[in-house]
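K.L.:
My request is simple: use the sequences and hints to build the entire structure.
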Amino acid sequence: MSDLNRAIAPSESSLSLSVIIPAWNEEAVIAQAIDEAINALSSLGLSHELIIVDDGSTDQTAEIVQAACQKYPQLFLVKHDENRGYGAALRSGFEGSRGRFVAFTDADCQFDLTDLSQLLLLAERADIVSGYRIDRQDTQLRCFYSWGYNTLIRGLLKCPLRDVDCALKVFRREALLKILPEARAFFANTEMFTEARLQGLSINEVGVRHRPRAAGASSVSIRDIPRTLCSLLPYWWQRVQFPGHKTTKGSPSVAALLLIMLTAGFLLFQGLAYPLVEPDEGRYAEIGREMLRSGDWIIPRLHHEPYLDKPPLFYWLCATSFSLFGPTDWAARLVPALSAWLTVVVTYLFGCRLLGRTSAFLGTMTLTLSFGFVACGRFLILDSLLALLVVSSLFAAHEAVCGQRLQWGWWLASAMLCGLGVLTKGPVALVLLGPVVLAHCWLNRKPSHVSLHHWAAFVGIIGLTAAPWFVAAAM
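The numbering of the sequence shown is our numbering, which starts it at 224 and goes up by one.
Quick caveat, the hints were computed from the structure, so don't treat them as lab data.
Be a bit skeptical, because a hint or two may be false.
To be verified - Straight-line Cα separation of at most 27 angstroms, DSSO-like style, residue types lysine-lysine; simulated pairs: (1) K401 with K302; (2) K381 with K401; (3) K648 with K533.
All of these numbers come straight from a predicted model, not from anything done at the bench.
P.N.:
Structure (structure tokens):
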């Protein structure tokens with residue numbers, strides 16, 4: 224049969240075993256791989272099928288498989304019109320399989336498929352059985368790459384396997400359907416076994432024989448290392464490091480939020496009327512007072528002289544507080560105190576999205592009870608306002624990219640908050656926010672991938688928010 228177009232078969236299929244072999248430009252070895260696989264599977268005495276997934280080969284791989292299909296009725300071909308990647312090829316084969324057990328291997332004939340008998344024996348008692356290569360017959364450089372990668376994923380993902388990319392594995396069908404890979408490239412193995420660990424599936428390992436490649440050249444190259452890392456790090460960030468928003472749906476606890484707000488309010492707002500501390504508090508309060516008295520909201524002034532060491536947002540807020548409550552010491556300190564209080568609220572909401580309720584509450588309460596944080600919130604300096612804008616901008620950026628589609632409202636709000644940070648303390652806001660937002664968007668890559676025009680809009684909104692004052696002050 225030359226094409227395979229069927230849905231995932233029900234678990235009561237009469238087939239015992241399906242074996243998937245992804246292949247890309249393997250014309251030199253695919254015929255040998257088919258013959259060896261058919262002979263090995265026949266020796267097992269199980270009803271079986273062999274599925275070759277041609278992943279958009281540009282050579283004669285598909286034609287060779289089609290010819291072999293006439294010879295072997297248990298052989299099937301799945302053909303991709305274009306190269307989609309190793310993981311996508313595996314998934315196509317998995318979705319077309321019918322066996323109670325599903326195995327896969329590579330097309331390079333480096334594994335003796337009679338070793339499947341050991342894996343199948345263990346698969347009667349485990350959800351997944353993975354081989355690990357004994358006396359590996361690859362180059363020293365490739366073995367070094369593999370050792371480094373396995374060490375990395377054991378550290379980051381707590382992957383239980385010693386040889387995650389060994390291409391001889393057997394899955395119980397019901398377990399496989401829970402962990403079908405989303406990754407299109409070589410990261411698929413790592414993704415599947417990490418998901419298996421997270422879902423509590425049982426995994427066994429057994430040593431298997433390994434041989435040199437029979438013919439042809441491997442499609443794996445050093446260029447696959449950065450590609451795999453580009454899949455590994457976002458996956459680690461989303462599924463292992465910060466899985467909270469998937470399980471809690473970002474819902475905060477009203478009781479916890481009220482407790483945090485009351486605690487922060489008690490620590491930040493009481494007793495703000497003590498005399499201003501020179502020189503910083505007196506200087507900033509005087510600039511706000513002179514701004515209100517003169518009516519010049521463009522150029523901050525200290526003792527009637529222009530004072531342009533910092534942009535004016537903090538002074539605008541101080542002057543506004545003076546206009547509402549009078550030019551008093553506590554009215555001046557209300558600006559940093561309110562900023563710190565709002566920072567606590569945003570931190571809790573952000574933590575719920577990233578970590579879940581419990582971790583968000585503990586982390587936010589730790590911040591609220593920190594002496595340095597409370598002291599800054601009760602002192603007339605710019606840092607509390609800057610912290611509020613930085614945290615809020617990052618939270619908005621997270622909300623913009625965490626869904627299936629980029630949320631323009633959140634994205635532009637993040638840019639505007641970043642622009643307000645520039646109006647608070649100058650370019651330091653960009654230094655604090657820029658790398659973090661870039662890293663956060665990259666690590667949280669979804670179908671809502673942020674493209675160049677999104678970044679252009681982001682930078683444009685920052686400019687529209689901050690630039691008018693700089694232009695007006697320069698005139």
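K.L.:
For each hint, tell me whether it holds in the structure or not.
P.N.:
Here is what the structure says about each hint:
In summary, the hint linking K401 to K302 is supported, as the alpha carbons are separated by about 24 angstroms, within the 27 angstroms threshold. About 19 angstroms separates the Cα atoms of K381 and K401, which keeps this hinted pair within 27 angstroms; it holds. Of the supplied pair hints, the one linking K648 and K533 holds, its CA atoms being roughly 6 angstroms apart against a limit of 27 angstroms.
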